[in-house]
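Asker: Take a look at the letters that make up each chain.
2 protein chains.
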Amino acid sequence: MPRYTAPVKDMQFVLHDVLNTTTAGIPGYDELEPEFTAAVLEEAGKICSDLLQPLNSVGDQEGCTLENGIVRTPTGFKAAFDQVKEGGWPGLDMPEQYGGQNMPYLLGTAVGEMFSASNQAFTMYQGLTHGAASAILAHGTEEQKDKYLPKMVSCEWTGTMNLTEPHCGTDLGLMRTKAAPQEDGSYKITGQKIFISAGDHDMADNIIHLVLAKIEGGPAGIKGVSLFIVPKVNVNDDGSLGARNGVSVGSIEEKMGIHGNSTCVMNYDEATGYLLGDEHKGMRAMFTMMNEARLGVGMQGVSQADAAYQNAVDYAKDRLQGRAVTGVENPDGPADPLIVHPDIRRSLMDQKSFTEGGRAFLLWGATMIDAAHRANDKDADGLVSLLTPVIKGFLTDKGYDMTVQAQQIYGGHGYIEEHGMSQYTRDARIAMIYEGANGVQALDLVGRKLAQDGGKHVMAFFEMVKNYIKENSGQDEAFDRDFIEPLKAASKDLQAAGMYFMQNGMKNPNHALAGSNDFMHMFGHVCLGLMWARMGKASLDALAGGASDATFYETKLATGRYYMARQLPATAMHLTRIQSGADTVMALDAANF
Amino acid sequence: MPRYTAPVKDMQFVLHDVLNTTTAGIPGYDELEPEFTAAVLEEAGKICSDLLQPLNSVGDQEGCTLENGIVRTPTGFKAAFDQVKEGGWPGLDMPEQYGGQNMPYLLGTAVGEMFSASNQAFTMYQGLTHGAASAILAHGTEEQKDKYLPKMVSCEWTGTMNLTEPHCGTDLGLMRTKAAPQEDGSYKITGQKIFISAGDHDMADNIIHLVLAKIEGGPAGIKGVSLFIVPKVNVNDDGSLGARNGVSVGSIEEKMGIHGNSTCVMNYDEATGYLLGDEHKGMRAMFTMMNEARLGVGMQGVSQADAAYQNAVDYAKDRLQGRAVTGVENPDGPADPLIVHPDIRRSLMDQKSFTEGGRAFLLWGATMIDAAHRANDKDADGLVSLLTPVIKGFLTDKGYDMTVQAQQIYGGHGYIEEHGMSQYTRDARIAMIYEGANGVQALDLVGRKLAQDGGKHVMAFFEMVKNYIKENSGQDEAFDRDFIEPLKAASKDLQAAGMYFMQNGMKNPNHALAGSNDFMHMFGHVCLGLMWARMGKASLDALAGGASDATFYETKLATGRYYMARQLPATAMHLTRIQSGADTVMALDAANF
Chain F
1 MPRYTAPVKD
11 MQFVLHDVLN
21 TTTAGIPGYD
31 ELEPEFTAAV
41 LEEAGKICSD
51 LLQPLNSVGD
61 QEGCTLENGI
71 VRTPTGFKAA
81 FDQVKEGGWP
91 GLDMPEQYGG
101 QNMPYLLGTA
111 VGEMFSASNQ
121 AFTMYQGLTH
131 GAASAILAHG
141 TEEQKDKYLP
151 KMVSCEWTGT
161 MNLTEPHCGT
171 DLGLMRTKAA
181 PQEDGSYKIT
191 GQKIFISAGD
201 HDMADNIIHL
211 VLAKIEGGPA
221 GIKGVSLFIV
231 PKVNVNDDGS
241 LGARNGVSVG
251 SIEEKMGIHG
261 NSTCVMNYDE
271 ATGYLLGDEH
281 KGMRAMFTMM
291 NEARLGVGMQ
301 GVSQADAAYQ
311 NAVDYAKDRL
321 QGRAVTGVEN
331 PDGPADPLIV
341 HPDIRRSLMD
351 QKSFTEGGRA
361 FLLWGATMID
371 AAHRANDKDA
381 DGLVSLLTPV
391 IKGFLTDKGY
401 DMTVQAQQIY
411 GGHGYIEEHG
421 MSQYTRDARI
431 AMIYEGANGV
441 QALDLVGRKL
451 AQDGGKHVMA
461 FFEMVKNYIK
471 ENSGQDEAFD
481 RDFIEPLKAA
491 SKDLQAAGMY
501 FMQNGMKNPN
511 HALAGSNDFM
521 HMFGHVCLGL
531 MWARMGKASL
541 DALAGGASDA
551 TFYETKLATG
561 RYYMARQLPA
571 TAMHLTRIQS
581 GADTVMALDA
591 ANF
Chain R
594 MPRYTAPVKD
604 MQFVLHDVLN
614 TTTAGIPGYD
624 ELEPEFTAAV
634 LEEAGKICSD
644 LLQPLNSVGD
654 QEGCTLENGI
664 VRTPTGFKAA
674 FDQVKEGGWP
684 GLDMPEQYGG
694 QNMPYLLGTA
704 VGEMFSASNQ
714 AFTMYQGLTH
724 GAASAILAHG
734 TEEQKDKYLP
744 KMVSCEWTGT
754 MNLTEPHCGT
764 DLGLMRTKAA
774 PQEDGSYKIT
784 GQKIFISAGD
794 HDMADNIIHL
804 VLAKIEGGPA
814 GIKGVSLFIV
824 PKVNVNDDGS
834 LGARNGVSVG
844 SIEEKMGIHG
854 NSTCVMNYDE
864 ATGYLLGDEH
874 KGMRAMFTMM
884 NEARLGVGMQ
894 GVSQADAAYQ
904 NAVDYAKDRL
914 QGRAVTGVEN
924 PDGPADPLIV
934 HPDIRRSLMD
944 QKSFTEGGRA
954 FLLWGATMID
964 AAHRANDKDA
974 DGLVSLLTPV
984 IKGFLTDKGY
994 DMTVQAQQIY
1004 GGHGYIEEHG
1014 MSQYTRDARI
1024 AMIYEGANGV
1034 QALDLVGRKL
1044 AQDGGKHVMA
1054 FFEMVKNYIK
1064 ENSGQDEAFD
1074 RDFIEPLKAA
1084 SKDLQAAGMY
1094 FMQNGMKNPN
1104 HALAGSNDFM
1114 HMFGHVCLGL
1124 MWARMGKASL
1134 DALAGGASDA
1144 TFYETKLATG
1154 RYYMARQLPA
1164 TAMHLTRIQS
1174 GADTVMALDA
1184 ANF
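So the protein sequences, as listed, match chains F and R. What the first sequence shows, in the working numbering, is residues 1 to 593, in sequence order. What the second sequence shows, in the working numbering, is residues 594 to 1186, in sequence order.
Simulated from the structure, these hints should not be mistaken for lab results. Note that beta-carbon positions come from the ideal geometry of N, C-alpha and C, so glycine has one too. Treat the hints with care, as some may be off.
[As the list claims (entries may be wrong)] Restraint ranges, calculated between C-beta atoms of paired labels, are given here:
| # | chain 1 | residue 1 | chain 2 | residue 2 | range |
| --- | --- | --- | --- | --- | --- |
| 1 | F | Gly242 | R | Glu1011 | 32 to 42 Å |
| 2 | R | Glu1011 | F | Ala79 | 23 to 33 Å |
| 3 | R | Asn1185 | F | Asp379 | 43 to 53 Å |
| 4 | R | Glu1011 | F | Gln97 | 39 to 49 Å |
| 5 | R | Pro759 | F | Asp379 | 40 to 50 Å |
| 6 | F | Glu31 | R | Met1099 | 29 to 39 Å |
[Unchecked claim] Computed from the model, here is a short list of chain R residues facing chain F with C-beta under 10 Å:
| # | residue |
| --- | --- |
| 7 | Lys671 |
| 8 | Ala672 |
| 9 | Cys761 |
| 10 | Met876 |
| 11 | Phe880 |
| 12 | Thr881 |
| 13 | Glu922 |
| 14 | Gly1040 |
| 15 | Arg1154 |
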């Protein structure tokens, strides 16, 4: 069975050596002293390794069951959920007013990565609740907040997000679920929603569904969509539970992975719902939390990659097979461990450099969300909005690839379910799809975010990279060669791609959109390149300062050099593809596919 | 449920317009007239679409079961297997002497792609039998051939290959299964083998296991391994079945995919076995058929990609979601079909250009195997040996990626099992692992095949590409620009990589092996680039000759242009990685991963 060890030291390095959290000037960050964050991360790590990780394969094997309208979660999930609630983990970054601990989103992200790495399907129950609670926090009336948030912050009640219908996922303007206004100001919600993660289960007394629906007589299409609070069990004015609402589970989907999470078809049959936010502004309300939600999915890409990588390393060290081509390394054994072989190392370095770079990218993104929310920093908000599709799309595409590589290290033992490596790929696969499929992320990036606010944010990004390069070059020849020069080249490729879009996208938008997936990937590489440069520099500084654990920092530098030499140059390929334009992409009539 | 349509027209194009089969001068190819191959392919296609494809998801959902030592295949498998046997398909390319039809391996490959595309798990039962029969054909005594082959060619009895043991897969020298010589010339085989595809089932009267084992007292390691025929049921001298042999199924593995195939733990307990080939030369005997076996696995990569692609195209045409950015294309519908969106097309073109290019590569490879076997053509044998790891590794890595892309087109509907797209990725995943994991293919290519016969074969490959370019340039400006120039650039990259290996691999073999995976991929791209140039040229010729179906050939040209512009340039990235050498790959101590 796989194991998981929380990367506390690595996270501490990013928080304190790279992001310099306590001096970052973001409200609340002054509390994030190294000793404090270490204590929180150690504690979370223990729960993840000891409690959630062992339940990961149980969830995969048992899945959720629906009998007589009741959904049962896998053995051990409820007890573990109780323990997580008792620890107060779900409310870590929620307001104290509603029972939370008001910690920065940054710390929630670090802890979230661990939870997700140890048991993605399990963690989604609280993840969805967090998302729903955040939407109520942002758009609810004081009454709604008081009524729902204390129970949701504690996860006594969980939450869901209901967007997709059988005939529409991305294009929600086609939605058919109806909301009929009632005299008391409530609505009767009727329709079917599909793919509802954590849609029903036996781990909470109530489930607060957030449901998109169209108010009868409202505008057509996406402009007529509103958001509603639809409790599974009606909540009385005194907060006690009343009668069951008209919400039922049609079925549980059979899926490729995340079996431990109940993905439900939800039927709303004149269910009582309450408008959340403004009439016909449902999309805006639902998408307020989009940066966080998508960062949370990007995090799943990194977390599954890390969990899979840790086990691949173990296997590569244990499994004796063949001999090193440069001479026997394990003379007392019948063969050398896999890890002596260059192509095994190539794969492990791909995984390691992606995971650590991706983690830094996520945590950096979280600081921008904190700056936006806690200090109303418009530039940070603009920049993280630009980067959100990159965080989501690039980190889940690559995260999935890394789980496939980790599985490959096991050979045939990776294909059978016994070792758990198949589960990592099957679970990681969903992150490329939900919360906006990665093609939609690429479209959002190129079709919308690049031009947002007159292109201000992408220009700010390039300016930031340029300044970073300027401020950090010329001090160390090796650092310039190994980190600065590759970053400069990759950033230049990215700018050239943006320039191509500007020059050609005006004539024909397909010239930009045909390159959107490549652009998202090259943007991701540049961001990870920037992260590795920053981590490399921080490591050099630590070594120059006489850090006691020199090996840790030297390993960081070596891993960064690998990324810069072997992964970052992919930007040139993406640029070539982009510059080939849309003609070859769009040449065929649909009938000729 | 997915559908599958056999690509008969596309195969006919490759066989007759590109490979010019009837005039290729390979013994037996003169029979392969277009009308004849069309009839065979149409007939095979019908069985695949109507009989095997509908059983594909049944196999996935039911899997195989083991009860009281008896393995049961999924509902419908046995009846379908009987029908396939009756049609004589298993013996298509086997000698007439043993009941086969003596068709070229080329035709068997085309038919095999269809079988595999419609139902990989099912097709493996006959695929393994074919491999075992081929080994007996090559190494058996006349008595052994007469005893086993007629029943195996017809699939009345099936076959297996037993290599892997719990502690060794790639490194078979560590093998523990023992063979004790008996006075009658037979052996008692004792040991455990794992991951035995088609290891046991209820579709044949007998199963002929080919088992690698060490004869007691023989040389240590791989030099002491011999190959044995171990029937599940002993065969009397008159050909009738005798008592059960000491062979039993320990368990059936739970796997990520190919659930319809029984992957067994096989226990040999003093089972009676008969030496096949020479004592201690088991590896040689087992690997005689390696080029074919690995080409067969490469074929699975292409076949799963094609089946998944066909369904992704259907979905992209049917599913209405969003509007084309260049203007509404389906004004009477609520939205445009997915296929209007550039990134959907990008993905479909990736899939289409890979599948058709990969198919041409496979069929070209099959002609070399025929030339080697039927005309004793040493150059063809050398070239296909060089290309075999590329065919296996590149086509299964990419084939898997394409199934993931096809699944992605379906969004959330691709993640649930209902639509069958998950099965394509789960089934395709195994092909990257078995018959030598792809890292081992890359090692074989760089560590062994490049230098084989003094590097003669790789030089012949480059010479061939050079001659092709020379003979086909300067005639058509557009063809030169779209096909010849990209091929020239990619081939130059590949040569530069080979040069890097030569110059640096001598000093330190890690400099070559750290780039082996990249080299395998760039070699694959160059081969597909060559195939696309040949297909493009054939299409131009057909159009110039006034071909009636101009759209077919124009579509080929457009698909080829896509590959050359968007896929082939990956060679530059692989070269950059290779030229970065082994230092960043090998930098870390194992303890620091």
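Asker: If a hint holds in the structure, say so; if it does not, say that too.
Answerer: Tested hints:
The beta-carbon spacing between Gly242 (chain F) and Glu1011 (chain R), approximately 36 Å, falls within the hinted interval of 32 to 42 Å. The hinted range of 23 to 33 Å is satisfied by Glu1011 (chain R) and Ala79 (chain F), whose Cβ atoms lie roughly 32 Å apart. At about 38 Å, the beta-carbon gap between Asn1185 (chain R) and Asp379 (chain F) misses the expected band of 43 to 53 Å. Taking the beta carbon of each, Glu1011 (chain R) and Gln97 (chain F) are about 44 Å apart, inside 39 to 49 Å as hinted.
Between Pro759 (chain R) and Asp379 (chain F) the beta carbon distance is about 58 Å. The supplied range of 40 to 50 Å is therefore violated. The hint said 29 to 39 Å for the Cβ distance between Glu31 (chain F) and Met1099 (chain R), and at roughly 58 Å that hint is violated. The beta carbon of Lys671 (chain R) comes no nearer than 25 Å to any beta carbon in chain F, farther than 10 Å, and the hint placing it at the interface is violated. Evaluation of the Ala672 (chain R) hint against chain F yields a violated restraint, the C-beta minimum of about 26 Å exceeding 10 Å.
Look at Cys761 (chain R): its Cβ gets to within about 7 Å of chain F, closer than 10 Å, so that hint holds up. For Met876 (chain R), the suggested interface contact is broken, since its CB lies about 14 Å from the closest CB of chain F, more than 10 Å. Residue-level restraint check for Phe880 (chain R) is violated (minimum Cβ-Cβ distance to chain F is 16 Å; threshold 10 Å). Given the 10 Å rule on beta carbons, the hint for Thr881 (chain R) is violated: about 22 Å separates it from the nearest Cβ of chain F.
A least Cβ separation of about 9 Å between Glu922 (chain R) and chain F falls short of the 10 Å threshold, and the interface hint therefore holds. Checking Gly1040 (chain R) against chain F by beta carbon gives a least distance of about 7 Å; that is within 10 Å, so the hint holds. Given hint, Arg1154 (chain R) at the interface with chain F, holds; its Cβ is 5 Å from that chain's nearest Cβ, closer than 10 Å.
Of the numbered hints given earlier, the model fails hints 3, 5, 6, 7, 8, 10, 11, 12; all others are met.
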